[in-house]
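Undergrad: Okay, here's what each chain looks like letter by letter:
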Amino acid sequence: MTLSASEFYNEITKKNIGVYTPKEQDRLYNSKIIIFGLGGVGGMESILLTRSGIGHITGVDPDIFELSNTNRQMMAMSSTMNEYKSVATEKHLKDINPYLSTNFKSIRVTEENVDELITGHDLVLEALDDMPSRIVVHRAARGLGIPSISMSGSPPHRGFVSSFFPDGISYEDALNIPTKGKSISDPLVTQFVHDIKKKRAQYSVSKGAPQSWADDFCSGRAGWIITPIRASLIASFSCHEAIQILIKQEPLAKAPKGVYIDMDNLTNPVSVINPPCGHWEAYQI
Amino acid sequence: MQNIEQEIYARNYGVVTHEEQDKLKNAKVTVVGAGGVGGITLISLARMGFGNIQVVDMDTFDYSNINRQMLSSISRIGKSKAICAKETIVDINPNINVTVRQEKLDEFNADEIIAGSDVVIDATDNLVARVIIHRTAQKLKVPSVWIAVTPPFRGGVITFSENTPAYELVLRHPSFGRELTDEVKKEISVIKDGRALASVKHGALKSWADAYLNNQAPWAVICPIANIVGICASFEAFKVILNRANLQPTYAPNLVKIDMANSNMVQVLTPDNGSWDNAEL
Numbered sequence: 008m009t010l011s012a013s014e015f016y017n018e019i020t021k022k023n024i025g026v027y028t029p030k031e032q033d034r035l036y037n038s039k040i041i042i043f044g045l046g047g048v049g050g051m052e053s054i055l056l057t058r059s060g061i062g063h064i065t066g067v068d069p070d071i072f073e074l075s076n077t078n079r080q081m082m083a084m085s086s087t088m089n090e091y092k093s094v095a096t097e098k099h100l101k102d103i104n105p106y107l108s109t110n111f112k113s114i115r116v117t118e119e120n121v122d123e124l125i126t127g128h129d130l131v132l133e134a135l136d137d138m139p140s141r142i143v144v145h146r147a148a149r150g151l152g153i154p155s156i157s158m159s160g161s162p163p164h165r166g167f168v169s170s171f172f173p174d175g176i177s178y179e180d181a182l183n184i185p186t187k188g189k190s191i192s193d194p195l196v197t198q199f200v201h202d203i204k205k206k207r208a209q210y211s212v213s214k215g216a217p218q219s220w221a222d223d224f225c226s227g228r229a230g231w232i233i234t235p236i237r238a239s240l241i242a243s244f245s246c247h248e249a250i251q252i253l254i255k256q257e258p259l260a261k262a263p264k265g266v267y268i269d270m271d272n273l274t275n276p277v278s279v280i281n282p283p284c285g286h287w288e289a290y291q292i
Numbered sequence: 302m303q304n305i306e307q308e309i310y311a312r313n314y315g316v317v318t319h320e321e322q323d324k325l326k327n328a329k330v331t332v333v334g335a336g337g338v339g340g341i342t343l344i345s346l347a348r349m350g351f352g353n354i355q356v357v358d359m360d361t362f363d364y365s366n367i368n369r370q371m372l373s374s375i376s377r378i379g380k381s382k383a384i385c386a387k388e389t390i391v392d393i394n395p396n397i398n399v400t401v402r403q404e405k406l407d408e409f410n411a412d413e414i415i416a417g418s419d420v421v422i423d424a425t426d427n428l429v430a431r432v433i434i435h436r437t438a439q440k441l442k443v444p445s446v447w448i449a450v451t452p453p454f455r456g457g458v459i460t461f462s463e464n465t466p467a468y469e470l471v472l473r474h475p476s477f478g479r480e481l482t483d484e485v486k487k488e489i490s491v492i493k494d495g496r497a498l499a500s501v502k503h504g505a506l507k508s509w510a511d512a513y514l515n516n517q518a519p520w521a522v523i524c525p526i527a528n529i530v531g532i533c534a535s536f537e538a539f540k541v542i543l544n545r546a547n548l549q550p551t552y553a554p555n556l557v558k559i560d561m562a563n564s565n566m567v568q569v570l571t572p573d574n575g576s577w578d579n580a581e582l
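These protein sequences, in sequence, are chains A and B. Going by the numbering used here, the first sequence runs without a break in its numbering and finishes at 292. Going by the numbering used here, the second sequence runs without a break in its numbering and finishes at 582.
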């Protein structure tokens, strides 16, 4: 490449100007984010934010790509099968912006390592598929005074995105999760988390998912079903929230408000909703 | 190979039935344009399981594509967008039949390109090409999906078919029923200037709109919007092929209206008098 770092940055971001001001683009360039989970949502988020011109991305995911990831995960290809997601993702992002600062780790986030991972970043994007780890990440971000964006997705084409701030409502309060103050290893927490995924599967049936799938899921015979539509939409709306926060504009879905996606709704598929009673029910989103 | 596909699409089953997944595999979709909207559309179609994909684009990648185009990368600068699209699609699923056409769609090749497709997605940024695509598609009774990406945070998607009003009527083009002479083509092209001006009152920078009108700035387009529009376009194609009674495409004159600055971020609207002012979309 014949362009210098700053020439390159101006070339790749020039079509942003008009929507973002040059000063806002500078803010993106100077921002550091961390993404937990590099699957259908997190992988896409990492691409969208790299393309938008973010300066630094840390990515955390212990898994390797499997064939069944292919229907929705942007870096899952024949050529990346059995690679660590973190390794394949970092490689992909460097081909979008070779000057991007990166730090990708093939590890699982835990209560023990979460603070060290998050410290030093301006924003946390949580794209994990298990409730205990989600709670761990949002608790830690709040404790460290860093905003965090949450997401969830359910069949058939439903999704949820919400932005949390240290001085706003907490993740557990906003989703009405009765685990506050308890350790993630507490048996009550384990039981709640175990039950809620089944409850979400059964609730999905009322939104159009087949009963046979929900039953198979609850008995461990089927995986969580998800299409590229839902995963990519959740990532795109999360990316927009992230950019608004980083350029110091007001995000639309400041918790407890959330972006609620339901592509089977034929009149208003995506809207920002302020939940009645001030909180959501985790099994419904 | 069949076993590979069972694994690749395993997580779709439940959202789609096995019969519907087969419908996608047997469907043929044509995507005109492999840029900001077309790139993510092509990737989504491949990951959903469309079995036959034709991609039409004569351009090559350059640096200014990187901010939003999912198929673009440093290692692909200078390479054909259509050929790169094929590389990515067959890396997702080697069984997908990909037809590459490195050409500009015009009134002379449109029939041949669109005939035989079950659905065509117009992801071009050329307003004249769009007229040709939707005219031809309607004539050949092929459903066609229209998109728009507009500053600052707006977008639109509409599906046309043999049963909907014509594209040029729904979007109030001066060209309806007229031969596409150079004069008429010019009348179509200025619609885009009107869109730039109108976008200022929605929050786009005035300095940008002025520069755009003077050919001193490119069309401003950001990553999340281009990709949301492309995902919605691929979802229209998905709905066309599945043809479920309770999940029909958004047929014209109805519009999937996207505005990330509005708390109704995506809504389906019906125009008051059957048509839309394209400058406002």
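Keep in mind the hints are simulated off the structure, nothing from the lab. Treat the hints with caution; some may be incorrect.
[Unchecked claim] In the DSS-like style, the derived pairs of lysine-lysine whose C-alpha atoms are separated by at most 30 Å in a straight line are:
no.: 1; chain 1: A; residue 1: Lys-21; chain 2: B; residue 2: Lys-324
no.: 2; chain 1: A; residue 1: Lys-261; chain 2: B; residue 2: Lys-502
no.: 3; chain 1: A; residue 1: Lys-112; chain 2: A; residue 2: Lys-214
[To be verified] Have a look at the derived ranges for each label pair, beta carbon to beta carbon:
no.: 4; chain 1: B; residue 1: Ser-376; chain 2: A; residue 2: Asn-37; range: 22 to 30 Å
no.: 5; chain 1: B; residue 1: His-503; chain 2: A; residue 2: Tyr-36; range: 41 to 49 Å
no.: 6; chain 1: A; residue 1: Asp-180; chain 2: B; residue 2: Ala-416; range: 41 to 49 Å
no.: 7; chain 1: B; residue 1: Leu-548; chain 2: A; residue 2: Asp-180; range: 34 to 42 Å
no.: 8; chain 1: A; residue 1: Lys-206; chain 2: B; residue 2: Asn-410; range: 24 to 32 Å
no.: 9; chain 1: A; residue 1: Ser-13; chain 2: B; residue 2: Asp-511; range: 22 to 30 Å
no.: 10; chain 1: A; residue 1: Glu-14; chain 2: B; residue 2: Asp-323; range: 44 to 52 Å
[Said to hold, decoys possible] Now the stretches of chain B that chain A is said to cover, found in silico as 3 or more residues with beta-carbon under 8 Å:
no.: 11; region: 304-317
no.: 12; region: 354-368
no.: 13; region: 400-406
no.: 14; region: 423-437
no.: 15; region: 444-455
no.: 16; region: 462-474
no.: 17; region: 517-524
The C-beta atom is built at its ideal place from N, Cα and C for all residues, glycine as well.
Undergrad: Next, verify each hint and record whether it holds.
TA: Hints, one by one, checked against the model:
Our distance criterion of 30 Å between C-alpha atoms is broken by Lys-21 of chain A and Lys-324 of chain B, whose separation comes to about 41 Å. For a cut-off of 30 Å, the pair hint linking Lys-261 of chain A to Lys-502 of chain B stands: about 25 Å separates their Cα positions. Restraint check for Lys-112 of chain A and Lys-214 of chain A: the C-alpha separation of about 37 Å exceeds 30 Å, so the hint is violated. Range check, Ser-376 of chain B to Asn-37 of chain A: Cβ separation about 27 Å, and the 22 to 30 Å hint holds.
At about 25 Å, the CB distance of His-503 of chain B to Tyr-36 of chain A disagrees with the hint of 41 to 49 Å. Judged by the Cβ atoms, the range 41 to 49 Å given for Asp-180 of chain A and Ala-416 of chain B is violated: they are separated by roughly 58 Å. Our hint of 34 to 42 Å for Leu-548 of chain B and Asp-180 of chain A holds, since their Cβ atoms are close to 35 Å apart. Checked against the given bound of 24 to 32 Å, the beta carbons of Lys-206 of chain A and Asn-410 of chain B, roughly 55 Å apart, lie outside it.
Distance hint check: the CB atoms of Ser-13 of chain A and Asp-511 of chain B are about 25 Å apart, consistent with the given range 22 to 30 Å. Distance hint for Glu-14 of chain A and Asp-323 of chain B: a CB-CB separation of about 50 Å, consistent with the stated range 44 to 52 Å. Check on the region 304-317 of chain B: 11 of its residues sit with their Cβ under 8 Å from a Cβ of chain A, so the three-residue criterion for coverage holds. With a cut-off of 8 Å between beta carbons, the region 354-368 of chain B has 4 residues touching chain A; three or more are needed, and the interface restraint holds.
Requiring three or more residues with a Cβ within less than 8 Å of a Cβ of chain A, the coverage given for the region 400-406 of chain B is violated, as only 0 such residues are present. Restraint check on the region 423-437 of chain B versus chain A: 0 residues with Cβ-Cβ distances below 8 Å, three needed, restraint violated. For the region 444-455 of chain B, the stated coverage by chain A is satisfied: 3 residues place a CB nearer than 8 Å to a CB of that chain, which reaches the threshold of 3. Here's how the region 462-474 of chain B fares: 0 of its residues keep a CB closer than 8 Å to some CB of chain A, so the rule of at least three is not met and the hint is violated.
Given a C-beta distance limit of less than 8 Å, the hint that chain A covers the region 517-524 of chain B holds, as 7 residues qualify and 3 suffice.
In summary, the structure is inconsistent with hints 1, 3, 5, 6, 8, 13, 14, 16 from the numbered list given earlier, while agreeing with the others.
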